[in-house]
Structure formats: C-alpha cells, structure tokens
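J.: If you read the sequences in order, they're chains S and W.
Using the numbering used here, you'd call the opening residue of the first sequence number 72 and step up by one each time.
Using the numbering used here, you'd call the opening residue of the second sequence number 2 and step up by one each time.
The set of hints was computed from the structure by calculation and includes no laboratory data.
What you were told as hints is all true, and nothing was included just to trick you.
The list that follows gives simulated cross-link-like pairs (lysine to any residue, SDA-like), each with its CA atoms no further than 20 angstroms apart: (1) K277(S) with Q124(S); (2) K226(S) with D142(W); (3) K226(S) with R82(W); (4) K226(S) with D83(W); (5) K277(S) with S383(W); (6) K226(S) with Q108(W); (7) K277(S) with L235(S); (8) K226(S) with L225(W); (9) K389(S) with A378(S); (10) K226(S) with A330(W); (11) K389(S) with L325(S); (12) K226(S) with Q224(W); (13) K226(S) with F137(W); (14) K328(S) with E376(S).
So you can see what is in the structure, the chains are spelled out below.
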Amino acid sequence: MDERIVRELRALCGASAVLDEPVQLLTYECDALPHLRQTPAVVVLPASAEQVQAVVRVCAREGLPFVARGHGTGLSGGALPVPGGVVISLARLNRVLEIDIPNRLVTVEPGVTNLEITRQVAPAGYYYAPDPSSQQVCSIGGNVAENSGGAHCLKYGFTVHHVLEVEAVLPDGSLARIGSRLADEPGPDVLGLLVGSEGTLAVVTKVVVRILRRPETVQTLLAAYDSISAAGTAVSEIIAAGIVPAAVEMMDALAIKAAEAAVHPNFPPADTVLIVELDGPAPEVRELFAMVESICRRTGASTVEVAADEAHRLRIWKGRKAAFAAMGRVSPNYYVQDGVVPRTKLPEVLGRIRALSERSGLGIGNVFHAGDGNLHPLICYDESIPGQADLAEQVAGEILTYCVEAGGSITGEHGVGADKKGYMPRMFSDDDLDVFQQVRDAFDPQRLCNPGKVLPTPRLCGEVPGPYREHPVERAGLAERF
Amino acid sequence: MTVAEQLRPGTPADAVDGVTPRFVAEPTTGAACAAVLAAAAVARHATVIRGGGTKMGWGRPVEAVDLAVSTTGLGDLLVHRDGDLTATVGAGVPLSRLNTTLAARGQWLPVDSAFAATSVGGMLATNDSGPLRHRFGTPRDLLIGITLALTDGRVVKAGGTVVKNVAGYDLGKLVTGSYGALAAIVDATFKLLPLPHASATLRAVYNDPAALAADAVALAAGQLEPLAFDIRASGTPEGPRWSLFVRFASSPAAVSFQIDAARALLRGDTTALRDGMEARAWAEQVALPWDGEGVVMRCSWLPSRLADVLALLDTMGEGGEVVLAGRVATGSGLVRLTGPDAPIAAAIARARAASSPVGHVVLVRGSRALRAQVDVWGAAPSTPAVALKRALDPAGILNAGRGPI
Numbered sequence: 072m073d074e075r076i077v078r079e080l081r082a083l084c085g086a087s088a089v090l091d092e093p094v095q096l097l098t099y100e101c102d103a104l105p106h107l108r109q110t111p112a113v114v115v116l117p118a119s120a121e122q123v124q125a126v127v128r129v130c131a132r133e134g135l136p137f138v139a140r141g142h143g144t145g146l147s148g149g150a151l152p153v154p155g156g157v158v159i160s161l162a163r164l165n166r167v168l169e170i171d172i173p174n175r176l177v178t179v180e181p182g183v184t185n186l187e188i189t190r191q192v193a194p195a196g197y198y199y200a201p202d203p204s205s206q207q208v209c210s211i212g213g214n215v216a217e218n219s220g221g222a223h224c225l226k227y228g229f230t231v232h233h234v235l236e237v238e239a240v241l242p243d244g245s246l247a248r249i250g251s252r253l254a255d256e257p258g259p260d261v262l263g264l265l266v267g268s269e270g271t272l273a274v275v276t277k278v279v280v281r282i283l284r285r286p287e288t289v290q291t292l293l294a295a296y297d298s299i300s301a302a303g304t305a306v307s308e309i310i311a312a313g314i315v316p317a318a319v320e321m322m323d324a325l326a327i328k329a330a331e332a333a334v335h336p337n338f339p340p341a342d343t344v345l346i347v348e349l350d351g352p353a354p355e356v357r358e359l360f361a362m363v364e365s366i367c368r369r370t371g372a373s374t375v376e377v378a379a380d381e382a383h384r385l386r387i388w389k390g391r392k393a394a395f396a397a398m399g400r401v402s403p404n405y406y407v408q409d410g411v412v413p414r415t416k417l418p419e420v421l422g423r424i425r426a427l428s429e430r431s432g433l434g435i436g437n438v439f440h441a442g443d444g445n446l447h448p449l450i451c452y453d454e455s456i457p458g459q460a461d462l463a464e465q466v467a468g469e470i471l472t473y474c475v476e477a478g479g480s481i482t483g484e485h486g487v488g489a490d491k492k493g494y495m496p497r498m499f500s501d502d503d504l505d506v507f508q509q510v511r512d513a514f515d516p517q518r519l520c521n522p523g524k525v526l527p528t529p530r531l532c533g534e535v536p537g538p539y540r541e542h543p544v545e546r547a548g549l550a551e552r553f
Numbered sequence: 002m003t004v005a006e007q008l009r010p011g012t013p014a015d016a017v018d019g020v021t022p023r024f025v026a027e028p029t030t031g032a033a034c035a036a037v038l039a040a041a042a043v044a045r046h047a048t049v050i051r052g053g054g055t056k057m058g059w060g061r062p063v064e065a066v067d068l069a070v071s072t073t074g075l076g077d078l079l080v081h082r083d084g085d086l087t088a089t090v091g092a093g094v095p096l097s098r099l100n101t102t103l104a105a106r107g108q109w110l111p112v113d114s115a116f117a118a119t120s121v122g123g124m125l126a127t128n129d130s131g132p133l134r135h136r137f138g139t140p141r142d143l144l145i146g147i148t149l150a151l152t153d154g155r156v157v158k159a160g161g162t163v164v165k166n167v168a169g170y171d172l173g174k175l176v177t178g179s180y181g182a183l184a185a186i187v188d189a190t191f192k193l194l195p196l197p198h199a200s201a202t203l204r205a206v207y208n209d210p211a212a213l214a215a216d217a218v219a220l221a222a223g224q225l226e227p228l229a230f231d232i233r234a235s236g237t238p239e240g241p242r243w244s245l246f247v248r249f250a251s252s253p254a255a256v257s258f259q260i261d262a263a264r265a266l267l268r269g270d271t272t273a274l275r276d277g278m279e280a281r282a283w284a285e286q287v288a289l290p291w292d293g294e295g296v297v298m299r300c301s302w303l304p305s306r307l308a309d310v311l312a313l314l315d316t317m318g319e320g321g322e323v324v325l326a327g328r329v330a331t332g333s334g335l336v337r338l339t340g341p342d343a344p345i346a347a348a349i350a351r352a353r354a355a356s357s358p359v360g361h362v363v364l365v366r367g368s369r370a371l372r373a374q375v376d377v378w379g380a381a382p383s384t385p386a387v388a389l390k391r392a393l394d395p396a397g398i399l400n401a402g403r404g405p406i
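Excised from the complex, chain S in its bound form:
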C-alpha cells in the first residue's frame, strides 16, 4: 500500500484507527471460516458514518478494493480481505442510537451485537427476533449483510423481515437512506435487495430494526426417536395439523454426543432428538402444545421431555446452539455445511448423507432446522491423515449436490461469500448470474465493494469449490487470487 494513502487514512480517521503492521493485520486475515485467509494491506476502524464515507471515497479515487467487516463471525468468508485492499471494520460504530418503544423501533450502528438489542429492550418486555447461534457476538451490520436467520425464523422470518431502514455508504462514497421506518415507501424494494447482499452493494452505517413484544408463554419439548424418519414424520404431522411452531430443530446421534461432551445438556441417548418450541398467548400455546406432545408420542418418541421451567428450556437450547462448536470434542477438524432442501425431502436427503458418510468413512453429524429444511451437516475429519481434508471437501460438495438435486439451495443462512461462489452455477444459469452482476454494477460500477464474493469469478484451471487449498500455480508463486 502506498504510504501516501495510509497517511491520508490516518489524517481522516486518526492514527490509532489505521492498522498496517503485519502483526496487527493477522486478526483480520479471516472470519469464522478460517481456512480462507488473506492479509489485507490496511485495516481502518472508522468511528462515524462520515469517516466511513471518507475512507470509501479514498478507495473509489485510488481504485482500491474494500471489504466491510463486522465482528468476523461469518461462516462463508464474506469478510475475507482482498489482496492489497482495505478492510473497513465497523467495530467502533457500536452505539445504540435510539430506542422507541411506542413505535417498536430501535436504531443502532452496525457494530452493535444482535443480542445487545434484546438486552436493551428486554426490561420493557420486548426483544429482537432473529437469533443466529452466534447472537452474543455477531454484529447487526453482519446480520444485515447475510440476512441472518436463526432457530426461530420458521415463525418469525429472517433479518430482512425485521430491518425497516438503513443508512449506507454507497461505493462512490455518497450516503443513502434505504428503506423507511414508515411503511409503504413508494418504489422498488431496494432494502430487500440490500439485506443479504453480503456486503457487495454498500457499507451499512445505521440500522433501524423492528422489535417484538415478548410472547406471553413459551413452551419447549425434547422428543427422542430411534430414527430420523420417525422424527421427520412427527414434523410433517405438526405442520399438517396447521401448527406453526416458533422452532423445530433436530440433532442426530453424533451431534447429540458432541453436545453432551461439551455442554452437558443431558439429552437422552437416542438416534435423533427433536426440539419443538411454541410461543404466544398462554391458552393458545397450552392447546397446541398438547397436540404436539400427542403427535410426538404417536409417531414413536421413546421419551418426551417438556421443559419444566426457563432454566430447563435454556439447557435444551444450550445443547442445540453449542452443537457446532461441540464438534471439536469428537473430531480434530470439522467442516460446517449449510444447505437447504424442501422439508418433505429431508428423509431422502438425510438417507443419502448417511450413505455418503459410510461410503467415505467420515463421520457426519447433522444439526438442522427441520421446520424449514435447513441442514447443517458437520463433516468430521483429521487434517493430519493425508487426504482426509480433501475428502471432507469432496463430501461437503456432494451434500450440496444432493440439496440442489432435491430442489433446494446451497445456503440457507451462512451466505455464499468466498466459500460457495463456485457452487452458484449449480443453482443459477449463466444469464441469472450475469444479471446479478448487472445489479451489482448498478451500485458498484468500479467493482471495488467486497469483490470476489457471491458471484463466481473466472477460475484458475483446476480450482475446485470448497475449503481453500493452495493451487499449484499459486504455490509456485506464478499467480495469486483476486
């Protein structure tokens, strides 16, 4: 990076807000997908929207690629730096600006964590609905970029259903209000496009979210089954009965074992556990919960454990939400996959995944949002065994093929990022992808805003999608990735 530019950035944002020492840059090499790494040229931590604008203007003028970063919890390499580029960390934009209980609105800066919003409004009896597993640490700006979901999105929807308005710095450095806290702003839904665009269209500097009144009652049960298909039948019957649970989650034996080892939720020994949660007015929950309980027993649950109190309920959720990280207890390495299938195809696809596990010899734990068909297979491997990492990568790709063949998607909530862009042609035609690029160019004609994410780039010959592996050409120092 040109020393002149670094000096300019320091003048704009303050000396302590610009990092360019190699040891300082290490933190920013990757997000929560650690096998994709890239050192940025410089990291800037602006403290205001005006400073973000100033940094983006410098990038636009100098033709420097820039990547916005929240708290780095993304699972698809969406915040992976670009070689020679700038990382704009929004960590210092972390103020809660306005809490408007009568209108159920909270205005925050993008570095505020997801859970902080709920913390702020909980005393008044409100909460912010989207609840990704990382909600204690992930930023709301990152949630907007990824259109984050969570266990309760079956009933309550995703980030896009709860964000009303954002302020964003466009790739030319101008500031725009997109969306509106007032309903029915005339015109196309640009906000709906921006949410989930993975930081490729603009840098969000302010977010207005809708908060919800806390439901009067929440009831949760944990049912143990001796097969995934029996648990799947229970889910189908719950849906067919016209019940929309707040959450329907499943974990298989390997995931249960891992969760037990890590956080001891005291799950029953079973092939599959099903977690069902209902919320709402007490008489409604009471009546529907009795129906769910009877469906679980009728479909062959060996035990049905009803959370007796809030502590019990939280213990069940702790077991579920810890499942990813817990995989580390049962396997030296693991790869988290995120695919979606139509809910009715779950038994078929899970059967194929089990067969794949047996055929490949790699353990695959399954944790999934059964209500909406969002699978999170956890592929276990041991990097120290030659060839296993490559095998895990192939297995992960194979699972995505099953999802697409079943009419589903390559990602339900983790995003495409840098990790899955190579899989996009499996879901979308060349024309579809070309029009995505046109839409992106409408915001960012210079192609500087988080380049190399979401859309496949012309690949080096022999490059395969999946976890990053150094290409022989790169190893030889003959090429680098952009």
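Based on the hints, put chain W in the right spot on chain S.
T.: Frame of chain S; chain W shown alone:
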C-alpha cells in the same frame, strides 16, 4: 412465432389509464414475453405490463402506450407443494383462484387485496396488501422465488422454492413495488401458511378519537396476538365515527379467550363478530376506501402518532366525505376524499407538509387532471433505484412514465 405475429391491435378493453395501447401481446411463456420486451426495447416503444387490469389508472397520467403486455397467458401455472407449504404460480393467475386452490388443502397465501381480479403479478408489482399484513406482512415478505422477463430478451430467476435461501441477490424483493418498471414477472414462488382453525373479530366503536388512540396503545402494549388490527374513520356530514377491528385466529378456545381479553382491555363499545358477520365486516373494511366516488391516497405514520393522524383527517373534509381504513400497528392506510379537485390538492399538500404526522403520501386514485396537477408519488426515486432502472431497463420503455421510477 415471430414477435410481430404475437401482437394484435389494442382495444378499449386493454386501456391503460383510459389510453388504448397501439398493440397488445399476450405471451404464454416467459421466453415469448422476454422476446416481446426485447423487440419493444429496440423500437423504444412505451410498454406497460398488464395483469388483472385492476390498477391501470394508478400512477402519473399516461400520454400514449405503444404496447401492453398482458400476463393473462401466464395464468396456467399453479404448483402447490402442500407438504412444503410453498406454491409456484404464473403471474397471470388471479390471487382469488390461487387461494381457492390452496384452501382445498387447508392453506393460503394470506394477502387480502381489495381487487377481486388482481393477478399474482400485479399484486407483487404493487406490493398490494390488506389487513392481514398485520400478522403476515406484505407480499414481499411471503415471496421466496421469482422468474423475470427482461427487456434485453432474457428470462432469469432468483431465489428458489425453499423457504430459507440466501444464495444470490433477492431480485424478487427488488421488483416488489416496482409497478412493472424494471421487468415483467413471469412466475413467483411463495411460502404459505395453514388456514386458521377458528377466527373471530372484536369491533370497538368510539365517539372520541383520543379514546380510540388510547385503546390502540393499550392493545399494542399487551401480549395478545391479533391476526389483524385495523382502524376505520368515516367522517360524513352527519358526523365522524371511529372504530377499531381486532381479529384473532387460532384454535377455537384460544380465539374465545383472546376476544374476552381484548374486550376487557378496550373502552370502546364492543361487538364480537363471527362467521358470516365477521367475513362481511372485513370485506367491507377492505373495500371501504375504493367503494364510492372520490380520490384515494395512501399514507403512513408512526403508530404513536395515530391521534395526530385522526386530527389531520378532520381538516381534510372541506364539506365532503373523509374515510380512512388502515393498519394500526403498521401505521398505514388509505384515505378517500370526496369533493372538487382544488381543495383535495390542498389537502394532499397539507398531508405532505414537513409538520404533518403522515409520510409517503401517494395519490393512488384521482382524475387525470388531478394526477397531472399533483405529484402522484410525492418523492423522487432514490439514487440506487434510478441506477437499477438504468441497469434493467436501459431503453426506459417500461411503465410509460407512470412511475414511481
């Protein structure tokens, strides 16, 4: 079939805002639709996409229309995946037909349009909604996939058929509310909901708008979960009346419990409506702004300003009728005003003043003269919206200047 062979001369039945288009195309496939649009783009023909034809008088007045592309021929596709709670439908399918089909399997697309003949494409293009948006949002919130025909002749898709999916840009949301100014919708995929087992509505009538506003606050602060929560204000020369409508839908016992709880909370004069009476009350509420003569404007407000909104309505009558039907918690509604154009134009200007409690004031229905005099949309499109229009419709042929972009 060549593009020319697909065209027929327009007739008064094809009119857009009273203007007969020179030609009409009725493509039966997405590819044919895109081919017609591409030919129109080359010829720079002012083009309007037409669905059920229920909102053709909306927007800025139209001078001339070269081509109307009817989506009627895209009205056969209807795939209901009831086990997955999703459906894929052609743009030309009427919303009412879709819901009749879904109801056979106990499901629905919970959107209540005031227009019986509205097509799914038209519903999306205008982001049409009614009282059910209180619980379910607007069509954009239920849309999970889309196929579009573009003016460059291509047919593209975004999203998919699964309810959870973040792969690619959400072009479906982008075209929602675009009034056909970016692309033609070929088909759309929605997530569905189970039809409720039971439903009942509490109507509360007030003689004092402040009492209504206080009740609205009390209900919103509680933990009851209505399916719909509406306000009606109908001011006639005989005097204004204000009502709240609160609908609960769930299991029968839970509905009864919530009706009782709401009745205990509300200070207005309440009546519980069930079955046919309930259905009629909601049909009337949805139709209220549109039935009868007058200008219709859409406006929005912060829910906490409801009392101020009602006070504003008081100033708008000028001797004519003033009717509001709206969503209490969303803060949105339609206002119908009767009388000559001049005082109505002044009333719209007052509603748009900086100090006004309402925003996003759009003149939806009005005479051509009024729509020529008053800025229909009330605001210029945003920079990104303009850039997107240029990217997707570079020849600028779509929507014949009706707006909003």
